[in-house]
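Chemist: Position chain B relative to chain A; hints supplied.
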Amino acid sequence: MCGIIGFMSRKKRMIKGDKIALALDSLKERGNGKGSGYVGYGIYPTKYKDCYAFHILIDNTPKFEKIKVEVENVLEQYGTIVKDEEIPTEDGIIEKTQIPWRYFYEVDEKYADREEDVVVDIVMEINDKVDGAFVISSGKDLGVFKAVGWPNEVAEFYRIDKYEGYMWLAHARYPTNTKAWWGGAHPFNLLNWSVVHNGEITSYGTNKRFVEMFGYKCRLLTDTEVVAYILDLLMRKHKIPVEYALSALAPRFWDEIDKMPEEERELHTAIRLAYGGAMLNGPFAIAVGTPHGLIFMNGDIEKDTTMFGLTDRIKLRPLIAAEKDDMIFISSEESAIRRICPDLDRVWMPDAGMPVIARPWK
Amino acid sequence: MIPSYVPPKYKVEVDPNKCMLCERCTIECSWGVHRREGDRIISYSNRCGACHRCVAMCPRDAITIKENAVSWRSHPLWDIDARADIYNQAKTGCILLSGMANAKDHPIYFDKIVLDACQVTNPSIDPLREPMELRTYIGKKPKQLEFEFVEEEIDGKKIKKAKLKTKIAPNLKLDTPIMIAHMSYGALSLNAHLSFAKAVKECGTFMGTGEGGLPKALYPYADHIITQVASGRFGVNEEYLMKGAAIEIKIGQGAKPGIGGHLPGEKVTAEISATRMIPEGSDAISPAPHHDIYSIEDLAQLVRSLKEATRWKKPVFVKIAAVHNAPAIAVGIATSDADAVVIDGYKGGTGAAPKVFRDHVGIPIEMAIAAVDQRLREEGLRNEISIIASGGIRCAADVFKAIALGADAVYIGTAAMVALGCRVCGRCYTGLCAWGIATQRPELVKRLDPEVGARRVANLIKAWTHEIKELLGAAGINSIESLRGNRDRLRGVGLNEKELEVLGIKLAGE
Numbered sequence: 001m002c003g004i005i006g007f008m009s010r011k012k013r014m015i016k017g018d019k020i021a022l023a024l025d026s027l028k029e030r031g032n033g034k035g036s037g038y039v040g041y042g043i044y045p046t047k048y049k050d051c052y053a054f055h056i057l058i059d060n061t062p063k064f065e066k067i068k069v070e071v072e073n074v075l076e077q078y079g080t081i082v083k084d085e086e087i088p089t090e091d092g093i094i095e096k097t098q099i100p101w102r103y104f105y106e107v108d109e110k111y112a113d114r115e116e117d118v119v120v121d122i123v124m125e126i127n128d129k130v131d132g133a134f135v136i137s138s139g140k141d142l143g144v145f146k147a148v149g150w151p152n153e154v155a156e157f158y159r160i161d162k163y164e165g166y167m168w169l170a171h172a173r174y175p176t177n178t179k180a181w182w183g184g185a186h187p188f189n190l191l192n193w194s195v196v197h198n199g200e201i202t203s204y205g206t207n208k209r210f211v212e213m214f215g216y217k218c219r220l221l222t223d224t225e226v227v228a229y230i231l232d233l234l235m236r237k238h239k240i241p242v243e244y245a246l247s248a249l250a251p252r253f254w255d256e257i258d259k260m261p262e263e264e265r266e267l268h269t270a271i272r273l274a275y276g277g278a279m280l281n282g283p284f285a286i287a288v289g290t291p292h293g294l295i296f297m298n299g300d301i302e303k304d305t306t307m308f309g310l311t312d313r314i315k316l317r318p319l320i321a322a323e324k325d326d327m328i329f330i331s332s333e334e335s336a337i338r339r340i341c342p343d344l345d346r347v348w349m350p351d352a353g354m355p356v357i358a359r360p361w362k
Numbered sequence: 001m002i003p004s005y006v007p008p009k010y011k012v013e014v015d016p017n018k019c020m021l022c023e024r025c026t027i028e029c030s031w032g033v034h035r036r037e038g039d040r041i042i043s044y045s046n047r048c049g050a051c052h053r054c055v056a057m058c059p060r061d062a063i064t065i066k067e068n069a070v071s072w073r074s075h076p077l078w079d080i081d082a083r084a085d086i087y088n089q090a091k092t093g094c095i096l097l098s099g100m101a102n103a104k105d106h107p108i109y110f111d112k113i114v115l116d117a118c119q120v121t122n123p124s125i126d127p128l129r130e131p132m133e134l135r136t137y138i139g140k141k142p143k144q145l146e147f148e149f150v151e152e153e154i155d156g157k158k159i160k161k162a163k164l165k166t167k168i169a170p171n172l173k174l175d176t177p178i179m180i181a182h183m184s185y186g187a188l189s190l191n192a193h194l195s196f197a198k199a200v201k202e203c204g205t206f207m208g209t210g211e212g213g214l215p216k217a218l219y220p221y222a223d224h225i226i227t228q229v230a231s232g233r234f235g236v237n238e239e240y241l242m243k244g245a246a247i248e249i250k251i252g253q254g255a256k257p258g259i260g261g262h263l264p265g266e267k268v269t270a271e272i273s274a275t276r277m278i279p280e281g282s283d284a285i286s287p288a289p290h291h292d293i294y295s296i297e298d299l300a301q302l303v304r305s306l307k308e309a310t311r312w313k314k315p316v317f318v319k320i321a322a323v324h325n326a327p328a329i330a331v332g333i334a335t336s337d338a339d340a341v342v343i344d345g346y347k348g349g350t351g352a353a354p355k356v357f358r359d360h361v362g363i364p365i366e367m368a369i370a371a372v373d374q375r376l377r378e379e380g381l382r383n384e385i386s387i388i389a390s391g392g393i394r395c396a397a398d399v400f401k402a403i404a405l406g407a408d409a410v411y412i413g414t415a416a417m418v419a420l421g422c423r424v425c426g427r428c429y430t431g432l433c434a435w436g437i438a439t440q441r442p443e444l445v446k447r448l449d450p451e452v453g454a455r456r457v458a459n460l461i462k463a464w465t466h467e468i469k470e471l472l473g474a475a476g477i478n479s480i481e482s483l484r485g486n487r488d489r490l491r492g493v494g495l496n497e498k499e500l501e502v503l504g505i506k507l508a509g510e
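Protein chains in written order, with our numbering: chain A, 1 to 362; chain B, 1 to 510.
Honestly, the hints are just simulated from the structure, not real lab data.
Keep in mind that the hints are not guaranteed to be accurate.
[Said to hold, decoys possible] Covered stretches of chain A, as calculated for chain B (at least 3 residues, CB under 8 Å):
hint : region
1    : 146 to 154
2    : 250 to 260
3    : 308 to 321
Every residue, glycine too, gets a C-beta built ideally from N, C-alpha and C.
With the rest of the complex left out, here is chain A (with noise of 0.2 Å):
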């Protein structure tokens, strides 16, 4: 089970988040209750626009203050916390076990030249040392809004609909595999990838300790984390080029690769000798917002923010993609596009293993 949902505007239109809560809201079917979770691109669109906003839950403890003063150790090391806030939530919704606490914050100039691997450094930090601190998001004019709760819970405890963004992506949880709790929740992000996602992921202790080669640290206790890893490290680290990235996710089958023109029969064996750990196996139907376009005919990487569907080579799990104008949906149900857009002018469901990849227009 498991609900997923996501919408861009291709000419970059800031939508309000109440759609996407309302289209999740038809997916709850999919989940228990344990779980939803959201993430908005183009939300901090004001002065805070080129920090990096980290959201991060805090226990609340007794010992929330202490905990904030080691997060805050953490950051300080690197660079400079420009505004830091509780993020806004309405009470008496979902019992408060987390206070979600963000952070704009700016990195030191003497780091200039390896700025989001110091974002990772600072993630992977905090997840793995600071007890009772999690960063749930760390990108730039976005963030990742979760808990444990229903998705109309979650989008009222947020207030979601004071945000407006040009993408969101949003999840409905019905956890399978680790106990319900706010740091599990889908999205999982990692500086600007954001991941929600349908399924099981049997290959994750491969693709676990595939990521840790790399100095990556999966600390959240559910397998989607490895996901949001795994992208960082193939399309920002090792700069692969989307299309090829996703080829790593969901290899073709050696049958169809024995059949391709010899060039590209040699580019997909290497990509599955090389990145073979970084397979996705199991049941899944991914959807995913990235910083990075794809490459097709014009050839250069863009810079402009993404948003991709992917599913396992056999389609053990639901996506359908829709188009109505410039905007572009992904989800597990029809019913949920149709929710907020009933008049769609295409609906279709991508082959199993084959991306939907969707950029703004220029």
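Modeler: Then chain B, alone, in the frame of chain A:
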């Protein structure tokens, strides 16, 4: 002559009511157990090793072999083996020789590890209906792929395309992650080798030559053969290196870490002499160390020399016995241009080894795989080098567990011989193998038909391959890449905390 004080281990009986005096048993037994005397068959039980050749060939099912029920005073410390070994050494003054694998009652960790399967939340995959990919590439992999962007003209429009810049080093392509281990021509018969060669070709996998060189009869199968360079350098020349699909440097063997090999002169027939490039009838001794390798740097030089000699077209593997320091050695190997590290556990088989080594030296393969895989990951090298595990792999589940612990593929030795009929009687070193496997005697060798042998070995590999596919499907995995190092899918039963820690697995229920 000092008499033996050890009673026969087995008791051989021929039922006179069933026996029709065809004398088949007297012909079949290469150990001289049976002899006709008048109208009955006399059996010398003290010569019997329970190889079952006579039992299998008796047309009347008249022969029974039982453990000899002679009573010894039971004692928890001075068990029968301890006393028998002393009697034998007091008789001969020699090192005791033994064949096959470690015979001590040590834990078999494979049997204390259980596998995971899907139930409800994620679906099992049915290998009869969905693709199940076992293809494995053994060899050097790049740390990361690099692309370059080139301009191409398509339909009159200039466009940029991403092209792969990284060149992948030569790898062996395996259709199943099961290969046949290095067992030398000399230790084994040509017909045994031919059986293996035909089988691996059919199954899309590989066999090792062992250190005995490559007999010309195997040349048609050279694309599926890994040639070995051991300390004796038997049969090693440019043609030999270029013939095989890959080269393996043997530093150590699981059954006898720290010592070399010895093929007695009487086994060095004209054919073996020609293949090994040594005089007929001379002892073939491979010393424990390679006399040009006294450090990891020397090993790295040999790896590079072999690559130069083969124009960098052949992957080079390095085989070590599983010992305490295996992870550190593996890191050295990984940084030496080698393409794969082969780890041979202490339950690995042998044609002949001092019993004291076979039973007391080395560590379990399960621990070694886990420790080597983990250390290579900590050093960021695991992705660049393959791990091949061997030594005591008995079934498809062992293969599966070895891969989940971190191996890329396995070698099977004893299991492949058992497929040929071997009874694990442990007397390979005598050269009298009644099944025609571990012998050079022409009359025994011809008992093994290579076509039949190949069918049996290929059947075994295929049967295990089917079972691995079923196990993968049950685990909801459709490609072997996702099993490799996937220790989350393993659980320990009856293991202590430290054992679980070394294996990197959780206890059942966790």
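Chemist: Under the constraints set out in the numbered hints, which ones does this structure not fulfil?
Modeler: Per hint list: single violation, 1.
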